Structures are given as C-alpha cells and as structure tokens.
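K.L.:
In order, the protein sequence lines correspond to chains A and B.
Under numbering that gives the first Met the number 0, the residues of the first sequence are numbered 0 to 428, in order.
Under numbering that gives the first Met the number 0, the residues of the second sequence are numbered 0 to 428, in order.
Hints were generated in silico from the structure; no laboratory data involved.
All values derive from a computational prediction rather than experimental measurement.
Be careful, since some hints might not be right.
Distance condition first, Cα-Cα at most 27 Å in a straight line; then the derived DSSO-like pairs of lysine-lysine [to be verified]:
1. A:K138 - B:K375
2. B:K375 - A:K111
3. B:K138 - A:K375
4. A:K375 - B:K111
5. B:K111 - B:K138
Chain by chain, the residues run as shown.
Protein chains: 2
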Amino acid sequence: MGAIRPLEVPSGTDELAAFGITPCEGGVCAAEGIRAAGVCANLRGDPNRRDLALVAADNSCVCAGVFTQNRFCAAPVQVSRERAARGVARAVVLNSGNANASTGAPGVEVAKRVAAIVAAELGCDEEEVLLGSTGVIGKPLELDGFVSGVPMAARALAHSVEAAHDAARAVMTTDTMPKESSYAFEVAGSNDGARATVHVGGFVKGSGMIQPNMATMLCVLTTDADVTAQAAQAALRAATSKTFNKVTVDSDTSTNDTCILLATGAAGNARIDQDSADFAAFCAAIKAVCEDLARMIAADGEGATKLVTVDVLGAANEQDAETVARSIANSPLVKTAIFGHDANWGRVAAAAGKCGVDFDQYDVDIDLLGVPVLRKGLPLPMDEEDMLRRFEGPEVPIVISLGVGNATARVWTCDLSHEYIVINGDYRT
Amino acid sequence: MGAIRPLEVPSGTDELAAFGITPCEGGVCAAEGIRAAGVCANLRGDPNRRDLALVAADNSCVCAGVFTQNRFCAAPVQVSRERAARGVARAVVLNSGNANASTGAPGVEVAKRVAAIVAAELGCDEEEVLLGSTGVIGKPLELDGFVSGVPMAARALAHSVEAAHDAARAVMTTDTMPKESSYAFEVAGSNDGARATVHVGGFVKGSGMIQPNMATMLCVLTTDADVTAQAAQAALRAATSKTFNKVTVDSDTSTNDTCILLATGAAGNARIDQDSADFAAFCAAIKAVCEDLARMIAADGEGATKLVTVDVLGAANEQDAETVARSIANSPLVKTAIFGHDANWGRVAAAAGKCGVDFDQYDVDIDLLGVPVLRKGLPLPMDEEDMLRRFEGPEVPIVISLGVGNATARVWTCDLSHEYIVINGDYRT
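With the hints as constraints, model all of the structure from the sequences given.
P.N.:
See below:
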C-alpha cells in the first residue's frame, strides 16, 4: 500500500485576491467618517481599566446588526435590535463589567438612559444610538458611571489607530488581547469612470460563553462604503453566518451577542446595493474582517493554548457537515486531549458518531495535525513522536471525511485547559 | 411582598413503596441463578488490576439489551446488539482498558473469538455470549489476555456479594468507585395464591464520555424474575430512557454504551409479560436499580465534586423540558461555576435561553440550591454567605420553571473541575 495522502480541504476561491482586498491599518477607525474612544469610566470598580467604548459616525449613517438568539437576551440587545432594524444609526456605546442581562424592565430603562446621554453629547436622536454590554448576568446596571463616563468618551473621540485600539480594549473582559482587523479595496466611484477606496474594519470582544448564534459578543464594524441598508444587512448576515457563527469556545451562546455595522458613505463610491457589481467585493471584505476577528476569538478562548480548525468533508448536506463539525469542536474530550497533546483521534470519531448524523463508520477518513490516522474506518499506524512535535505549533487542524456526499463545513474552536476552570470557577468574585 | 417559596418539584408517585420494592444485598448476584467474577487478566499491563468481568446465568435465559446510538459503535456493540435481539443469552463478558472501537472487521473478529472462549468454558452456544468493552478507542484488542483470562474468570464464578463486587470493579476505568445496586419485591408465584420473591440488581461503569443515548457504558443487570423477552426489553428500555439517558457528564456519547439484562426465571414467579399485573412492579424495580446506578455515574463523573440535579418545570412538552435541562447540564459555564461554589445563576438562565426552546424570559423562575434567585425574569436579592454554606453539601439542585406549560424533565450531571482536565489531557499515556 502506498503512502496515504492527507485529505484535501477545499480552499475556496481566493476572493480577497480576486477583489484586490488587502489588509490596512485602523481597525474600527479605518473607515472615513468614523471616530472612536475607549475610556476608564470606573464602571467595574477599577478606575484605571478602560471599560466604556464609544464608536460614532460623523453624521447619521446606514447601519445593520445581528443579535443573539438566546431567549434571555439582554436589555441592550432588546433596545439595539429594534433600533438597528430602522437601518439608520449614529453611534454605538459599549461597556464591560456588567451584561445588563436578566435585569428586566429596569435594565431596559437604564440602557435607554445611557443611549440618551450619548445622544445629547453627539446632538443626535436617541433612537440612533445602539448599545452593547458584556460582563456579569443578573446584576442591575448602575447609571452613575455613564453620567460622567459618556461625556468623557465623547470628548476623547478621535479618528486614529490609537482611538480604535482604546475602544477595542475597553470591551475586553476575560479576553487576553484586543481583537481588531481592517481591509481596503477599490470599487466604482460616484463619478463615471472614477474609482473609490473603501475601508472595512472593526473590533470584537469574546473569549467565554462563546457559541454565537447570529453574531458574537460585542462586535462593531465600520465602513466608509456608500451602501444601502439592505445591502449592508445582507452582507453582514452572510459574513456572520460563515465566521462568528462558526466559532465555539464552550458551546454557551451568550445573552448579549451583538454585531453592528456602521456605513458612513464617506468613501465617495457609487452606492452599493445588492445588485451592484461591487456588492460581492463588499461582502468579501466584510467577511474577511469577520473571519479575522472570529479566529482571534477562538484562539483567545478562555484558557486556550491552541486554535483548532475542524473541517468536515463529504457530508450529505451543509447542515450535517456543521452538526458533525460542532459536535467535534464542542467535545470536552477532544478539547482536553488537544490540551494534553494527546493524539487521541478516537475521540474525534466518537464525537462525529454521537450527533445523530447518518454515515457508515467504514466510509470515514480522519486526519489529525495533517496526518492520516483513519481510512475507511480502520486505524493507521501513528508515529507518536511526530505527533508530539506537530502539537508544538499554535494551530491544530482536524479533518474528517464522512464519505456520504460533497457538503463541507468549517468550525473554529480552542482546547480546554485548566485555565478555563480557573477563569470560570470564580468569575463573579 | 411575602417570602418567596422555592419551586416545588413533582416527586412522582412513590412507586417503590407502592410495590413493596426494598433494597437488598448482592448487586448483580442478588438474583438467583446468577454467578459473577472479576479477575486480573493483565489486559492493561497491570497484573494486579481486575480487568475482566464475567456474569453468567446457570442456564440459558431471557435477555434484553440497549446499546449506544453512536455511529462509531464498537465491535462488542455490533456483536451484542445482534445477539441480544434473539432474547436468549447465557453470559456477558466485559473488559476494561480497550474499547475495541474503531477497530474495523478485525475488532469484530476478536470480539467473536472472546465470546467463543467463554462459550467453550460454559458449554453453551457462542451466540449466547454477549460482550462489553471500555477503554481506549482505535487500538487493536489483543486476544492473548482472554485466552488465559476467560478460563480463570470461569473458575472464579460465584453467587456472592463479593463476586458481584469483583465484577463491578473489573470494569472500572476512571471510575473512582464500583457502582452496584439491588432490590427485592414480591410478585405472584407460579402456583395459585403463592407469592414469589424477585430480585433485580446490577452494576455499571461510567465516569467520562458520558451522555448515554440508549444506555450507558457497560451496565449488566440481572433478575431472577420469570419474564418474557418482550417484557424484559420493554422494562429495560423504559428504565434506561428515564435514568441512564438522563445523565450527562461531558455531553460525549460513548461508542460502547451497553446495558444488558439477564433474567433467569429462578424466582419461581408466574411468568411476567407486558399484560401481567406484576409488570408495573417489575418495571419500577428495574428503574430503581438503573436510577441508583445513573446517579452514581453522575456523582462519580470524571473529576466531579458535586452531583447536580437539573429539574425543568412548566415546559410546553417533554422534549422542550429535556432540551433545556440538557442545555443547562452540559453548559461548561454552569458546571465550572458550581465547581467554584459561585452562585452564578445567570449562567443557568443563559444556558436555558440558548437552546432554541421557545419561552418568554419574563415568565421564568429559577431556584438554585433551594433558594429562589429569579422570579418572572427578575433577579432576587441573594445572601452570598448562605449560598456558600449551601454549596458545602454533596448535591446541587437547580430548578427552572419556564412558565409555558406543564411538562417536566430531570437530568443529572456533575461539576467541571481541574481534575477532569487532568484525567482527560493524557488519558492514553
């Protein structure tokens, strides 16, 4: 029998190259017409920790949003979901330390009061202010810190790399690093024959309670593209479904997942709608930012030491592929084995088999860390020393082919370590 | 507002008292006509560790079985499922150290060879020998240890408390204690007017890779009831669905889940079929043993420090109730909070809300450790000192009422501790 070749994962078309989409500086401030700030408002008992972020467009602009499907959705989600549906916004205000979730009507009232303070500072309608909160669930959110903090944040607003960074840091909880990404590309300008440069960027926070179902905890994206609200919403929904919604740290969907896109139109491009030639490039750029941020979330999952990518091939349909991928990605046994550098691929097989998706075990192939370990349901000899060396890298690829059909899915996760238990055993205290 | 009373969990009818079912000694040997053994066969490289169990009826008898639904079901499952379907068996042979899963056709062949050796020792048809294996997945099972081990086990067979205990110990892997239970009760005798005493007992192993879907890893039950195969299967299936199938340690359904019931008929009762007056008592006794063993599995979950009981009330239907209960029971955030003695009930709310079951958060009540913490979606003041005291006990009750309908579900689990990571980070090494 000849050498067994690793499974080939379809790389997809290289969309970014095709559309000339390249990374750029600036994060959430990459887009023209956007200012940001992250300040220490003493919302969480530490006067030296940034805990309040504000992202504002220079003028009212197009917005889109996707939110958690958790039934216990938080007050800021309830308020923002309704407001984002109008397709127009001016700013997003975010806080860490308190999720304002399971706080009832009083929590909704506090959220609206915070938005009103922001609106007064910016001179806009309070309906144009969206919100995001992250932190402890079930604790009343005090308005006090916002009364002084929001004016401070409004004064600090700036269009700069540093301001974007400050905002990204202000929403961190158990995150160990701020998570930012931005890209630029050219589209048709608003004058015949001219070209316009469009920027897309943003930041996200997320580390635990991560199995987003719509979006992930507190993501703000901005663009200077001139784009219709419908096209913005469509691009955002498409991107989140393929990026944030494919990340799982601990299978726990948050009460506060929020992803908001502000589009200022300052790039001076020909307005993009869903029928525009440039809509595909716009979608690809939004997806590129989301995918960068999604991978950062998985890599920075609470206690994580590895970024794990699970590819499922050969499924009957996409739903089956995703069910199997998520079953593997959420298996505590798979995740602890990876933490322990144990090439225990039998747990990958068991996780694939347990989720109710139909296949024949004797049609299944598995690669772990790029090494074929199972072919047609039969184990292959494995060089344990080689596997240990491969575990030294920062990423762990798992590929499984079910041998049923042609559908595929990719899900990102991380390993499960002691540190996850430490972080979550006394989160409130 | 008056004192808020804890939610009342329906206790169910006291079936055991109604049927006069009382605990007795003997475990898997409580039933007349059953002998057991657990010996050191050196199957796992430790000559002083019991690793081979044998449970044999004195004669061919009625059997029933339920097995994992994992698509990667192990070789012993494939063989036993087919044989148990015939309703007749003589013995069950079990080993720890190697699951004989993902081992292909050679694995099935080894399982059949092991059964043949048992059959030769007992003088029965090899089709009457069922098997169970637990341990590493994907490693070929060597026949050698069984060639000498099975005759040793056959010689050691005895009808005693100690023999039952030895068998229960031989199937342990990461289990920290053997898990046995047995009950006795009276039913109609085979002669008019006479009464007969029936025994039901068994053992189970299970600690990790526990979210049984049909049964749980390696459970052998025995009874001396004279019962039809159909009635035995119906009673077993009903019991497992309410007991083993409601336990989750880590949401990972094993490749090897196996629960087998042998019924010798030695009690001399009037044969029980599904229409017998005594069928309900028989079912209740089987369920009592299964529930005892299921709770032991949850309490002995890998690294567990607490037995957690999740009761969901007020659901629209049983499926919804179970989905919510399982979502809470499998939430790593809920489980780590319990390990950390953190009364972070917001995570219970978030877990209930994430699973797609429809309810209004403002209809929901939650009790944690017997203390009302949420009523109609609003948090109640909580005495943290009192909660810390309540966390000292061995059990943590969580009750959530969805306020939709009248359906309920109960699921058992354990907390998630450092020890789980230690145990599973290097399981194979």
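K.L.:
Does each hint fit the structure? Answer for all of them.
P.N.:
Tested hints:
1. A:K138 - B:K375: Holds - the C-alpha atoms of K375 of chain B and K138 of chain A are around 15 Å apart, at most 27 Å.
2. B:K375 - A:K111: 21 Å, holds
3. B:K138 - A:K375: The given pair, whose Cα atoms are some 15 Å apart, holds under the 27 Å limit.
4. A:K375 - B:K111: 21 Å, holds
5. B:K111 - B:K138: Holds, at about 17 Å.
No hint from the list above goes unmet by this structure.
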